[in-house]
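Chains as they are written, first to last, in my numbering: chain A, 1 to 233; chain B, 1 to 390; chain C, 1 to 385; chain D, 1 to 179.
Hints are computed from structural coordinates only; laboratory data are not their basis.
Just to be clear, a hint being listed does not mean it is correct.
Listed below are the simulated PhoX-like cross-link pairs for lysine-lysine, each with C-alpha atoms no more than 20 Å apart in a straight line [to be verified]:
{"#": "1", "chain 1": "A", "residue 1": "K10", "chain 2": "C", "residue 2": "K340"}
{"#": "2", "chain 1": "C", "residue 1": "K340", "chain 2": "C", "residue 2": "K314"}
{"#": "3", "chain 1": "D", "residue 1": "K85", "chain 2": "C", "residue 2": "K225"}
{"#": "4", "chain 1": "A", "residue 1": "K116", "chain 2": "A", "residue 2": "K10"}
{"#": "5", "chain 1": "B", "residue 1": "K151", "chain 2": "C", "residue 2": "K44"}
So the derived list for chain D, only partly shown, Cβ under 8 Å to chain C, looks like this [what the hints assert, rightly or not]:
{"#": "6", "residue": "Y38"}
{"#": "7", "residue": "D151"}
{"#": "8", "residue": "P155"}
Heads up, the beta-carbon is just placed ideally off N, CA and C, and yes, glycines get one too.
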Amino acid sequence: MSLLGGGILKGMAVTLRNFVGSYFDRDRLTTNDYAWRAGDSLPQHAGEYPKEEGEQLRDTTTVNNYSRNFPMLLHDEGEPMDSIRCVACQICERECPPQCIYIEKSEDKKERGGNKAQFYPAKFDIDVSVCMSCQICVEVCPFDAIVMNSQFELSTPDRFGGLLLRRDDLLKSNGYYHKIHPEEAAARDQRMAEEKAAKEAKKKAAAEAAKKKAEENAKAEAEAGNEKQEDPQ
Amino acid sequence: MSLVLDILIATVPLLVIFPTLFAFTTWLERKALARIQNRVGPDKVGVPLTRYGGRFSLFGLGQPMADGIKMLFKENIVPRDADRLFHLLAPILALIPAMLVLCFLPLEFPWTDSLKPVQAFLLDGAVIFFFAITGLNTLAVFMAGWASRNKYSLLGGMRAIAQMVSYEIPLVLSAVVVVMMVGDLNAKEIADFQTGGKWIVGNWFLFTPWGLAAFVIFFIASLAETNRSPFDLPEAESELVAGYFTEYSGFKFALFFLGEYIAMFAISGLAVTLFLGGGAGPGLDAAPWLSVVWFIAKIFVLIGVMIWLRGTLPRLRVDQLMGFAWKFLLPLSILNILVAGFAWHATQQDSKTITVVTWVISLAVLYMTAKGLNQLNRAKVRPRNYRYAE
Amino acid sequence: MSNATATAPNYELIQRDGLDTGLLEISMGPHHPSTHGVFRMDVKLDGETVVDLQPVFGYLHRNHEKLAENMSYLSSMPFTDRLDYFNSMTNNWAYALAAEQLIEIEIPERAEYLRVIMSELTRLVNHVSLVGFFVNDLGALGTPLLYAFREREKILDLFEQASGARMMCNYFRFGGLRNDVPEGWLDRAREVVDRFPKFLDEYEKLLCENEIILSRTQGVGNLSKELAISAGITGPMLRASGESYDIRKVDRYGIYDRFQFRVPYSEGDVGDCYDRFMVRMLEMRESIGILKQALDGIEDGPVLGNAPKVFKPKPAEAYGRIEAPKGELGFYLIADGTPKPYRFRVRPPSFINLTVLRDMCLGQKVADAVIILGSIDIVLGEVDR
Amino acid sequence: MLQQFPEAEWDEAAGAIIAPLGQALAVAEWLLGQGVDYCSNVTGVDYLEREVKEKVTGEDGKMETVTRTIPSRMDVVYHLYSMQKQTGPLVLKQRTNREQPQVQSLTPVWRSCELQEREVYDLFGVDFTGHPDQRRILMWDEFEGHPMRKDYTEPFDYEWEPTPHNEILDKHHRGKVIV
Numbered sequence: 001m002s003l004l005g006g007g008i009l010k011g012m013a014v015t016l017r018n019f020v021g022s023y024f025d026r027d028r029l030t031t032n033d034y035a036w037r038a039g040d041s042l043p044q045h046a047g048e049y050p051k052e053e054g055e056q057l058r059d060t061t062t063v064n065n066y067s068r069n070f071p072m073l074l075h076d077e078g079e080p081m082d083s084i085r086c087v088a089c090q091i092c093e094r095e096c097p098p099q100c101i102y103i104e105k106s107e108d109k110k111e112r113g114g115n116k117a118q119f120y121p122a123k124f125d126i127d128v129s130v131c132m133s134c135q136i137c138v139e140v141c142p143f144d145a146i147v148m149n150s151q152f153e154l155s156t157p158d159r160f161g162g163l164l165l166r167r168d169d170l171l172k173s174n175g176y177y178h179k180i181h182p183e184e185a186a187a188r189d190q191r192m193a194e195e196k197a198a199k200e201a202k203k204k205a206a207a208e209a210a211k212k213k214a215e216e217n218a219k220a221e222a223e224a225g226n227e228k229q230e231d232p233q
Numbered sequence: 001m002s003l004v005l006d007i008l009i010a011t012v013p014l015l016v017i018f019p020t021l022f023a024f025t026t027w028l029e030r031k032a033l034a035r036i037q038n039r040v041g042p043d044k045v046g047v048p049l050t051r052y053g054g055r056f057s058l059f060g061l062g063q064p065m066a067d068g069i070k071m072l073f074k075e076n077i078v079p080r081d082a083d084r085l086f087h088l089l090a091p092i093l094a095l096i097p098a099m100l101v102l103c104f105l106p107l108e109f110p111w112t113d114s115l116k117p118v119q120a121f122l123l124d125g126a127v128i129f130f131f132a133i134t135g136l137n138t139l140a141v142f143m144a145g146w147a148s149r150n151k152y153s154l155l156g157g158m159r160a161i162a163q164m165v166s167y168e169i170p171l172v173l174s175a176v177v178v179v180m181m182v183g184d185l186n187a188k189e190i191a192d193f194q195t196g197g198k199w200i201v202g203n204w205f206l207f208t209p210w211g212l213a214a215f216v217i218f219f220i221a222s223l224a225e226t227n228r229s230p231f232d233l234p235e236a237e238s239e240l241v242a243g244y245f246t247e248y249s250g251f252k253f254a255l256f257f258l259g260e261y262i263a264m265f266a267i268s269g270l271a272v273t274l275f276l277g278g279g280a281g282p283g284l285d286a287a288p289w290l291s292v293v294w295f296i297a298k299i300f301v302l303i304g305v306m307i308w309l310r311g312t313l314p315r316l317r318v319d320q321l322m323g324f325a326w327k328f329l330l331p332l333s334i335l336n337i338l339v340a341g342f343a344w345h346a347t348q349q350d351s352k353t354i355t356v357v358t359w360v361i362s363l364a365v366l367y368m369t370a371k372g373l374n375q376l377n378r379a380k381v382r383p384r385n386y387r388y389a390e
Numbered sequence: 001m002s003n004a005t006a007t008a009p010n011y012e013l014i015q016r017d018g019l020d021t022g023l024l025e026i027s028m029g030p031h032h033p034s035t036h037g038v039f040r041m042d043v044k045l046d047g048e049t050v051v052d053l054q055p056v057f058g059y060l061h062r063n064h065e066k067l068a069e070n071m072s073y074l075s076s077m078p079f080t081d082r083l084d085y086f087n088s089m090t091n092n093w094a095y096a097l098a099a100e101q102l103i104e105i106e107i108p109e110r111a112e113y114l115r116v117i118m119s120e121l122t123r124l125v126n127h128v129s130l131v132g133f134f135v136n137d138l139g140a141l142g143t144p145l146l147y148a149f150r151e152r153e154k155i156l157d158l159f160e161q162a163s164g165a166r167m168m169c170n171y172f173r174f175g176g177l178r179n180d181v182p183e184g185w186l187d188r189a190r191e192v193v194d195r196f197p198k199f200l201d202e203y204e205k206l207l208c209e210n211e212i213i214l215s216r217t218q219g220v221g222n223l224s225k226e227l228a229i230s231a232g233i234t235g236p237m238l239r240a241s242g243e244s245y246d247i248r249k250v251d252r253y254g255i256y257d258r259f260q261f262r263v264p265y266s267e268g269d270v271g272d273c274y275d276r277f278m279v280r281m282l283e284m285r286e287s288i289g290i291l292k293q294a295l296d297g298i299e300d301g302p303v304l305g306n307a308p309k310v311f312k313p314k315p316a317e318a319y320g321r322i323e324a325p326k327g328e329l330g331f332y333l334i335a336d337g338t339p340k341p342y343r344f345r346v347r348p349p350s351f352i353n354l355t356v357l358r359d360m361c362l363g364q365k366v367a368d369a370v371i372i373l374g375s376i377d378i379v380l381g382e383v384d385r
Numbered sequence: 001m002l003q004q005f006p007e008a009e010w011d012e013a014a015g016a017i018i019a020p021l022g023q024a025l026a027v028a029e030w031l032l033g034q035g036v037d038y039c040s041n042v043t044g045v046d047y048l049e050r051e052v053k054e055k056v057t058g059e060d061g062k063m064e065t066v067t068r069t070i071p072s073r074m075d076v077v078y079h080l081y082s083m084q085k086q087t088g089p090l091v092l093k094q095r096t097n098r099e100q101p102q103v104q105s106l107t108p109v110w111r112s113c114e115l116q117e118r119e120v121y122d123l124f125g126v127d128f129t130g131h132p133d134q135r136r137i138l139m140w141d142e143f144e145g146h147p148m149r150k151d152y153t154e155p156f157d158y159e160w161e162p163t164p165h166n167e168i169l170d171k172h173h174r175g176k177v178i179v
């Protein structure tokens, strides 16, 4: 036979423990300032939401280096348009599930970062009021040109134009990317470097093979020539 | 002139202190509930209503003021088909009886010309009057429910009537025990009867078996009377949106809110008078004014428990609520009256053994009856076993 | 016949003692605090007793299936997050499972383990917040809900670290996962998992013996085993009615055959709200067991097989189903050789579980209708699609 | 199964039984008797009339491309499982014409069809004879048309207002983007 009302008393003991515990045990509090909540192990450069009027966000771009918000366009070091990675291939536009990307290809080609001349986006708009932060565009991009930003402070008084981000709003440097998503950026750079190396190795191999082939051809030709030369004899 | 002055001296403190305490209580409730739920609660609005650097925020004590100002400036919306007059009258009618009964509480303010402590309204039938006037609250709630012309409001009003009428009976019957023991209906007499025991608390009715039972019944019934959780069915948020004040906004809503909290103070004040020795407490000989402080402190203990319960318990269902009043509290409180009567006769002789035996027997009788009633009402309700499939 | 539609008693306008008493018709929802979204119940009340109830759907209908039929297989993946927005991971898995039947593809070991981990974490998130919402519907002022959310936050943090988003994870891919979890994630997950039982103990102490909860939930919303099976009820709701059918055990999709776990189900044939509540509480403990095994068993390796991003499967049909926290979540895909699915159908568990809402609510009090709805565990994103 | 109902067909490609029209209820009841107690999923599939080019090896052994017209049809697909035996799925199809689709409702056999058949009725316009409560479910009652049909066209959106996103959508709608 249990105590009459024992279950209720037990429950009240639990709530009392939580009442007292919430003053001592920081782990119990669900709600607190955002950056705090993520715990000590998490944020490497977490911004803190302003508590008081007039106080600015220390860093509006990062809440947590894993979070994603809206896409941005990457460019390597230097003038943005001189080193933009996007070649306006429009794969992301095609794959975007909510269809929020609008790209217009440039008329001319432009040489960037020592690579061969490519098209660039004359227009690259993302309607962030429609974008659902799914990261599909990042995955399908073969040039690592589009990655996710984590800037969340995007409020604007203009509900249409203000939420349509143009190419120049979207352009961010690789350094910025390293700042907000260090691990991901490092992994991406490494992979790109590997790919580049592999490509170059392949190129080199191909070149060598071509050279070899050319040599062989030359040799063969020479032999053939010799033969030809010999022929008349 | 002197009469008017006397009236003002007696009543103005009530009209000032309790609404102020109401504001404080809303803050306290929000804060305590927040902490129970592992939140922080209001901590931004400071005194006076600004947020200067957060250094004067004083744990958000400015929040009730801010809430009040917001309430005042909110639009007053009356549904098109509502009964405008009664829609307006209902919140006023909810507030008046609650404020009125505060007069009967033995709060002895020490400031008069003769420096004699005075209670606002020293009535011989105070306890009866108290119940008579708090009964009016039912009318206000149903008026609100009916006048709003909203189905949720109507259901809430209907629930309120059933609930308040039912719980008034155990409420009164448990108060009867104290009245029997004291032999007087005067609130001040009841309070005075309980002073001067061992360790101050010796004469309190709370520390007798029948008093304890009566207090528990009284407290539960008072929760139901003031629509507090777990008996907040008339305003059941998850079922009836907001019950009888679904259609209220702005200042009218604030009046309801105020009335509800004042009623809480009043009924806790009565509980303090009946069971917790009124203003009794240490240090009264040196400073008689402390009695008011003790009285209010005890009220706040009860309100703290109410908040605590609100943070813990889910709500009862309407049939269970009525069953609880009629099948559990009512028989128990009637039995309690009998037990108290026997005990009073048994303890007339000044024998310690008889007193102890009476106490043990009455405690056992009351507990076993409660247990039996519980068993009878909720026979099938118990935890179950579950199986596992591999 | 057990599966016949329940009929309401003929209650038109009853003359009682010369009084004209009619029924009170209440349209609960779409804006009602406890319909868990924009769901509507047209309730007819005799006093407080429900004599008729008609669920009304569609306030959140966005024709998810049509949308998915107009985009490539991969592009539909983020939309599945939005079906049951509490459990995006399991939604992803069900869709991936169906699509992986169309393109035969090898899934790496580590990805399988991570899928199980994510799915069980999702189950914890869902059950813990469901129990919180359920008690909230009972009228507890959010206290159990906020305790539940305290734990949910920790798991959502894990999701954010792994996938970049807290709720709309979009983490699964055909042939694996989008990316590997960051360094140290498994340790953090283990920490969260290890601390979870402590919370469950506290929660059980708070709720499971509470007299008010017991008397509010027992005998309310009874659902017999026969009706439950016939009506296609799945998930914890079915198991509360006494049938131990769990797709993790039956289909053994993924690598569920490697883990030791038990499926709790109700002993009797009552199937009331209390059973549904308790089965979920017990299921959480089993999920913790699976999580511990999976976290111990996981090894390094790739997480994504070499699946093409855009593919054109051969014409075929596939039906993939998993044990989502709410029940059987199935995706029925018909491929016709183009990059887009010809037919894309979601079998939403909470929608089909609503079939018996009316049967369970008739004759109960209006307050019970609310908790019965709460115990079914619906998410309107999934019900209306 | 096929012996019991000689008219039922076995669709090898889809792995499904195609119940003969008008006998679906009998088939379902027989299946229920066999222990198939759980109907998981009910849905419709709308097939427009289309032309397929097939490479056929002719009698003379030459490969030739033949254009074949597949007539339009409407399928209602049931995914059935057995909870007792823990087996499945068994796919049962009812095949009907597109213009006036009418099939037998299996709600009397499996309750779980109730809402799902209502949904198929709502989105595909398939008429279920014997359904206890056939109304629209996801769309509102006054809605016209059946949106999941392949040839459904959206009505003019009267809440339309110009936004910069129109430019984007226009480009998508021109059919340029989706492959």
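Tested hints:
Distance check on the hinted pair: K10(A) and K340(C) sit about 56 Å apart at the alpha-carbon level, beyond 20 Å; violated. For the suggested pair K340(C) and K314(C), the alpha carbons sit about 11 Å apart, so the restraint of at most 20 Å is met. Restraint check for K85(D) and K225(C): satisfied, since their Cα atoms lie roughly 16 Å apart, inside the 20 Å limit. For a cut-off of 20 Å, the pair hint linking K116(A) to K10(A) is broken: about 74 Å separates their Cα positions.
For the hint linking K151(B) to K44(C), the alpha-carbon distance of about 12 Å falls within 20 Å, and the restraint holds. Restraint check, Y38(D) versus chain C: the minimum CB separation of about 6 Å is within 8 Å; hint holds. Taking 8 Å as the C-beta cut-off, the interface hint given for D151(D) is violated, the closest approach to chain C being about 12 Å. The beta carbon of P155(D) comes no nearer than 14 Å to any beta carbon in chain C, farther than 8 Å, and the hint placing it at the interface is violated.
Hints 1, 4, 7 and 8, counting from the list given before, are not met by this structure.
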